[in-house]
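Engineer: Next come the chains, spelled out residue by residue.
2 protein chains.
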Amino acid sequence: MKINTALISVYDKKNLKQLLKLLNGLKVNLISSGGTYKKIRKLGFKCQEISNFTGSSEILEGRVKTLHPKIHAGILSKRNNKLHSKQLKKNKYKEIDLVVVNFYPFEETLKKTKNHTKIIENIDIGGPAMARAAAKNYKFVTVISNPNQYNKLIHELKKNNGKTSENFRKQLSLEAFLETGCYDSSVSNYFCRNSNNYFTKKKIFHGNLIENLRYGENPHQKGAIYSSKNEENINQIGGKKLSYNNLNDIYSAILISKSLPNNLGTVIIKHSNPCGVSIDKNKLLSLKNAISCDPVSAYGGIISFNFKINKKIALELNKIFIEVIISKGFEKDAIRILKKKKNLRIIDSKHMNFNNEINTSQIFNSILLQEADIKKFTKSNFKVVSKKQPTKKLFNNLIFAFNVCRFAKSNAIVLAKDNSIIGIGSGQPSRLDSCKIAIDKMRKFQKINYEDEIVAASDAFFPFVDGVETLVQSGVKAIIQPSGSIRDKEIIKFANDTGTILIFSKTRHFKH
Amino acid sequence: MKINTALISVYDKKNLKQLLKLLNGLKVNLISSGGTYKKIRKLGFKCQEISNFTGSSEILEGRVKTLHPKIHAGILSKRNNKLHSKQLKKNKYKEIDLVVVNFYPFEETLKKTKNHTKIIENIDIGGPAMARAAAKNYKFVTVISNPNQYNKLIHELKKNNGKTSENFRKQLSLEAFLETGCYDSSVSNYFCRNSNNYFTKKKIFHGNLIENLRYGENPHQKGAIYSSKNEENINQIGGKKLSYNNLNDIYSAILISKSLPNNLGTVIIKHSNPCGVSIDKNKLLSLKNAISCDPVSAYGGIISFNFKINKKIALELNKIFIEVIISKGFEKDAIRILKKKKNLRIIDSKHMNFNNEINTSQIFNSILLQEADIKKFTKSNFKVVSKKQPTKKLFNNLIFAFNVCRFAKSNAIVLAKDNSIIGIGSGQPSRLDSCKIAIDKMRKFQKINYEDEIVAASDAFFPFVDGVETLVQSGVKAIIQPSGSIRDKEIIKFANDTGTILIFSKTRHFKH
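Each protein sequence line maps, in turn, to chains V and A. Whatever position you read off the first sequence (first residue = 1), add 720 for the working numbering. Whatever position you read off the second sequence (first residue = 1), add 720 for the working numbering.
Check the hints yourself; a few may be wrong.
To be verified - Covered by chain A, according to a simulated footprint, are these stretches of chain V (three or more residues, beta-carbon under 8 Å): (1) 817-824; (2) 923-930; (3) 946-952; (4) 1000-1014; (5) 1080-1087.
Hints were generated in silico from the structure; no laboratory data involved. Just so you know, even glycine gets a beta-carbon here, dropped at the ideal spot from N, CA and C.
Turn these sequences into a full structure, and let the hints guide you.
Structural biologist: Right, dumping it as structure tokens:
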């Protein structure tokens, strides 16, 4: 299709010049409204104002400009349909072959203000209507819905002497519907947040491509990461490109890091499960203890700190092979040392803005949607049900273990000592198996003395006494678990008979 | 806001009568176009045609009817703004207080035809433009974007003497943007499929609420299931309501069932991991073998068959406690027997239409998107690298084990004998640990003889010989694994030294 008439109506006015120059050279008639008209004239090109074109003046402070049959018939008429051509002629309407639009900056407004009226005013009505009309009629009309498409339009027009191919227009049509769909996804998500109503009858999610990844979980699967904001979520400051599995692990790591007391915690992740977690005022000790939980698995893992790392820690990190380091800032010396390892992926989480209210997973045609498990623990969540009472230190250790347990895949059993994890059994169909795996892990890497205050946490209740028995026989002195088994009483009796501390939590923490 | 003028333009004309009756009683002026006008007149109510209202006739076979400043200014004017009122008056425009629309049935058209032109013709332009305009101006205008909202509008108008409250209008505004966003999500997804282009610069997903679930993975998390189609994905024919965790497990089960040779396979799932899989021409044997892999974990699990189950199987199933049964149809006797257990959730997968091309997961502000791991295995995917060659039977057994392994969480090791799984170690940070867990499971529930042809599959390569060594020492005769370790040669040598069959696959199958 040769382009004779173009309608240009853009909020974002950048990069117009080159396109206008080309259109001018191709003798394309330009129609434009309000600010765009002024911009085009200022750049030195001829242009007809929309109000002049339609004969209707712009009203309601710009709310109604382009919603006019002369515009929309010009866009929507089928060029190969005699009736359409006749009706256009009769009404003195004119075919519009190219529509260049972009919309009021709804997302950007959200970032700038919380003023609801201002936000609502930035919902574009006319722009999406034109983009959708042009996209529907892509067989004849070219639609540009984003300034980042100017270059390919220029290329296409130059290549084809002022024409565009149908394939080209079809691709632009897809992109236009993605623009309008994402736009209304943003608007509806704003309304959802505004009314605290996430579980609506319909639900939309959208994302902007951040990066096509080398592949997905495996090399034969394509993969990509999208962001629901218009910005990258992860601030990588060094190392090789992040892989799909890296990203998955990074999110698991950050989730745990965020849940730990601030400025104290180290988390190690392998295959999206924790394999070492420790909190300590002595940051180097917190790192060493996290590694010592399972030094074999820590190899090639992902380490996340919820504090700023210093030279000492960087030197320690350089002794082992890790894939990714996540830290809440880096001291200058630290970053210099870490960057010596060229491949080491380094993530600065200091300015990363996390929002994790709703999680979804999509398989087949279904979307499973749930609130994230981000409930904070306080002591009122827990009730000591054994005769023996925990010291404050032990209670805190139990809560620490229970918190880590919620992030390990179910069924999960976590063993801890002095605010460090020393054994994890996770992802098993039987809770007893998870107990045994956690104990085996502890025995493999820890020197345990009889008097050690080892605690155990379980993400859901023990269906039988056997798991509790196995733990206590292996040296566990205190257990925390959600209640709910018909054998709870039996388990309390066992705890009392063996002098074990037993705490029931109000909440269960399955994770799959 | 008192409603004086309503614009009604609906494709789906059902259930209008009661609403029209009420509006008529409230002396609301009606404006309407084309088919809706005829329908309203036929129902016996007064109504003004849009073309008569605007003075512009409907053109381009209905493509341009409502895209007119008189309509959109009537919708968009701020009632409390003097300039707006003045401009309306000057142009002889009239305020429109209620917009009742629904759109051309794009999704329904997709179901009925593959004719691209017909599909494109069913993209609505005018309807979404009006819905969006009314939704933007919800402070003054009421927007109905779906017939399922008529009842609540009737209720509201009756309650408030022909007025609507701002809260009510705001909720409808949210729902209108959800309608338009989902609509363009459908359109863009159609274009994506049509051009086989899933990894676009922007990406939209949408779903229709199927059900608010009792809760998410845990009782303190709200949960819901949405379908990207307008229909339920799961055909439940009996038992208690499905929980979030049930659904998650059901999808895992179906994924494996679909990958097995047709009409032969039984799959048992617990905590979204397989804990028993078997294929056999003798269906009852396939069930018994699947259970015998881990009868303890099968308790309370989910069983999925990729065949139609009969009376014998139903009787066998009634002996054990299971949460969900999924079957490709049920013989009459079978369903009668199973329904005796009132709580047992029964799913008929016979007519379930699965589409699993793309998987997503959403956390923080990121969406991780990947092609599903649905690559089919053929013998050309595999290469025997040991001196010892497998028999055809053993080769098939290895492929069976490798296929199940891809569905267990990484690191995963699966042991099999005679097309039944006899040990699974999954979700571990160390491959050696997974080997040990799989072996422990096998030893616990199987009687193993030295001459048994036990095979092992690994979802990724062995980094060291130790895992292979452990397997062979426990009676494994043949191993299948992706290659890629720097110690591959060492492993081949170990296989040859011990007379073990070793097969390398071209593909890795991590799953997290």
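Engineer: Going through the earlier hints one by one, which of them does the structure break, listed in rising order?
Structural biologist: 1, 4
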